[in-house]
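As you go down the protein sequences, you meet chains A and B in turn.
Heads up: the first sequence begins at 228 in this note's numbering, then just goes up one per residue.
Heads up: the second sequence begins at 228 in this note's numbering, then just goes up one per residue.
Read the hints as simulated data drawn from the structure, not as lab findings.
Since the structure is predicted, the reported quantities are computational estimates derived from the model, not experimental observations.
Treat the hints with care, as some may be off.
[As the list claims (entries may be wrong)] Restraint-style ranges between C-beta atoms, simulated for each label pair: (1) A507/A to G337/B: 50 to 56 Å; (2) D428/B to V457/A: 55 to 61 Å; (3) D233/B to Q247/A: 52 to 58 Å.
[Unchecked claim] Here are some chain B residues the structure puts well away from chain A; computed CB gaps all over 10 Å: (4) G475; (5) T497; (6) G505.
Quick reminder that beta carbons are idealized off the backbone N, C-alpha and C, glycines included.
Protein chains: 2
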Amino acid sequence: MSEKADLKHYLRTLSAQIEQAMDALVPAATQYPESLYDSMRYSLFAGGKRLRPVLTLATVEALGGDMAAAMPVAATLEMIHTYSLVHDDLPAMDDDDFRRGKPTNHKIYGEATAILAGDALLTQAFQVLGTMEAKGREAVLLRIVGELATAAGSIGMVAGQMADMENEGSKASEERLAFIHAHKTGALLTASVRIGALFADADEQQVQALTSYAQKIGLAFQIVDDILDVEGVAEKLGKAVGADAAQGKSTYPLLYGLEESREMVRRLTTEAHQALSGVALRTNRLQEIADWLINRDV
Amino acid sequence: MSEKADLKHYLRTLSAQIEQAMDALVPAATQYPESLYDSMRYSLFAGGKRLRPVLTLATVEALGGDMAAAMPVAATLEMIHTYSLVHDDLPAMDDDDFRRGKPTNHKIYGEATAILAGDALLTQAFQVLGTMEAKGREAVLLRIVGELATAAGSIGMVAGQMADMENEGSKASEERLAFIHAHKTGALLTASVRIGALFADADEQQVQALTSYAQKIGLAFQIVDDILDVEGVAEKLGKAVGADAAQGKSTYPLLYGLEESREMVRRLTTEAHQALSGVALRTNRLQEIADWLINRDV
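I would like the entire structure built from these sequences, with the hints used as guidance.
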């Protein structure tokens with residue numbers, strides 16, 4: 228099997244396991260109030276790359292940790308990511324009708340339910356961490372709670388979304404655009420890797436190297452997103468091409484041009500590989516994921 | 228000092244300490260993005276009885292625990308409560324313009340910021356628990372994370388709000404009304420007491436007694452709320468009298484009549500007192516709080 232085919236198989240296998248874990252961790256849509264659980268599950272199982280939990284699990288694997296035991300922890304990253312999409316799509320926010328080619332949550336369930344489903348998905352992540360079998364590792368799980376909440380909350384992802392909205396309609400400065408990307412997507416991607424490292428008892432040097440790797444691919448991922456928004460294919464993106472520009476959002480291609488943006492992605496990817504080279508870990512999957520992220524066309 | 232004056236002083240002292248703790252735990256509105264932190268703090272410091280953290284602290288006190296050490300934990304209850312008010316007031320939800328006599332969050336900051344401020348306050352609660360000084364008590368704090376998330380989330384408070392919205396405009400059954408109240412307000416009030424009990428290392432029998440107390444006063448509190456909505460004074464409530472009825476919400480007076488509702492409150496209060504009588508705890512404050520809750524006029 229080629230490396231590419233092998234990675235595809237690896238990602239597909241992990242995605243299936245993550246979805247199985249989420250299915251067990253989120254209330255079934257057969258109990259009252261059904262529409263809340265329907266709405267939560269609609270967005271949770273609407274597809275997607277499952278990049279965040281995959282990063283958590285690949286990091287656990289790199290450290291020789293227990294991937295099966297890490298599955299609920301990995302699932303919490305996807306719950307947080309999904310809640311953020313549901314709320315970002317709301318009419319009062321980005322007002323998006325489609326996400327991954329399907330109607331957004333509020334288009335199906337209405338605004339009120341979408342707000343509540345988002346709230347519930349966010350809270351569910353902490354419910355999972357606070358009630359899962361700790362097996363004597365309560366201190367590690369508590370630290371993961373802190374890591375996840377810090378990345379998702381007022382000085383992390385939410386600050387990024389706030390900054391993104393405030394800068395709509397005006398060309399953001401380079402500094403401001405870096406802030407938006409580091410917080411809106413970077414914080415949770417970095418936490419995905421760091422949480423895997425904490426779960427698998429990485430030492431401080433390993434945590435540092437993995438954090439650096441995650442920050443590089445997090446930014447590269449976002450710049451690729453910006454590039455795809457300019458030149459991508461609507462069908463593959465599942466949303467309108469040029470949507471960011473239409474909303475007056477600042478992007479890397481807008482600020483730096485397409486060529487320089489592509490160059491930044493290449494540079495960041497090289498740096499991500501280098502960050503991992505210094506530590507004695509089985510990082511081949513993490514390296515492959517870095518390459519996959521920048522070469523994706525969707 | 229009369230018992231009543233003494234309780235008033237006690238509640239005022241605790242409220243001040245809780246607000247001091249929250250002030251330290253929530254990002255200052257002087258850092259970027261300012262409007263997010265402004266909005267979070269606007270609702271967090273908009274007054275209110277601070278009933279939930281007071282219950283946590285009074286429970287810690289009843290068990291002879293360390294009230295000062297419990298302060299950040301108590302503050303997380305108020306953060307969760309505040310987030311729920313901010314989201315409940317949104318146009319897509321209850322569409323309220325005033326809360327405690329002041330414009331609601333979205334009337335000042337706009338819908339998008341109000342949604343994000345709510346998300347951030349919810350997440351902040353878990354950030355506090357996950358990053359506070361654990362002093363070797365990580366297992367207890369992790370259990371508190373689970374308790375808080377379960378009470379606030381998809382099978383707790385959010386389920387109650389969902390049920391409340393679904394039953395707007397139609398007379399709910401007795402069973403459905405009980406579900407709404409037990410989840411929308413009961414779950415977090417009960418968690419406030421249980422979290423105090425966990426923090427102060429209560430034994431299983433004490434936790435059971437305190438849980439029963441909390442469930443009784445939680446329901447009594449909500450029925451009193453319903454009664455005040457019918458006969459209260461708009462000025463004191465800080466919102467329009469009869470707002471529930473106008474929104475077609477089912478209430479205890481509507482379903483059972485005013486007299487029977489008042490009788491239920493009396494019965495529940497007696498039961499709350501009885502629940503505490505069996506355990507050897509300094510529960511005088513909790514007893515006083517129960518009486519204060521049902522005799523309040525606002």
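Hint check:
1. A507/A to G337/B: 50 to 56 Å: holds, 51 Å
2. D428/B to V457/A: 55 to 61 Å: holds, 58 Å
3. D233/B to Q247/A: 52 to 58 Å: holds, 57 Å
4. G475: holds, 15 Å
5. T497: holds, 31 Å
6. G505: Check passes; 28 Å lies beyond 10 Å.
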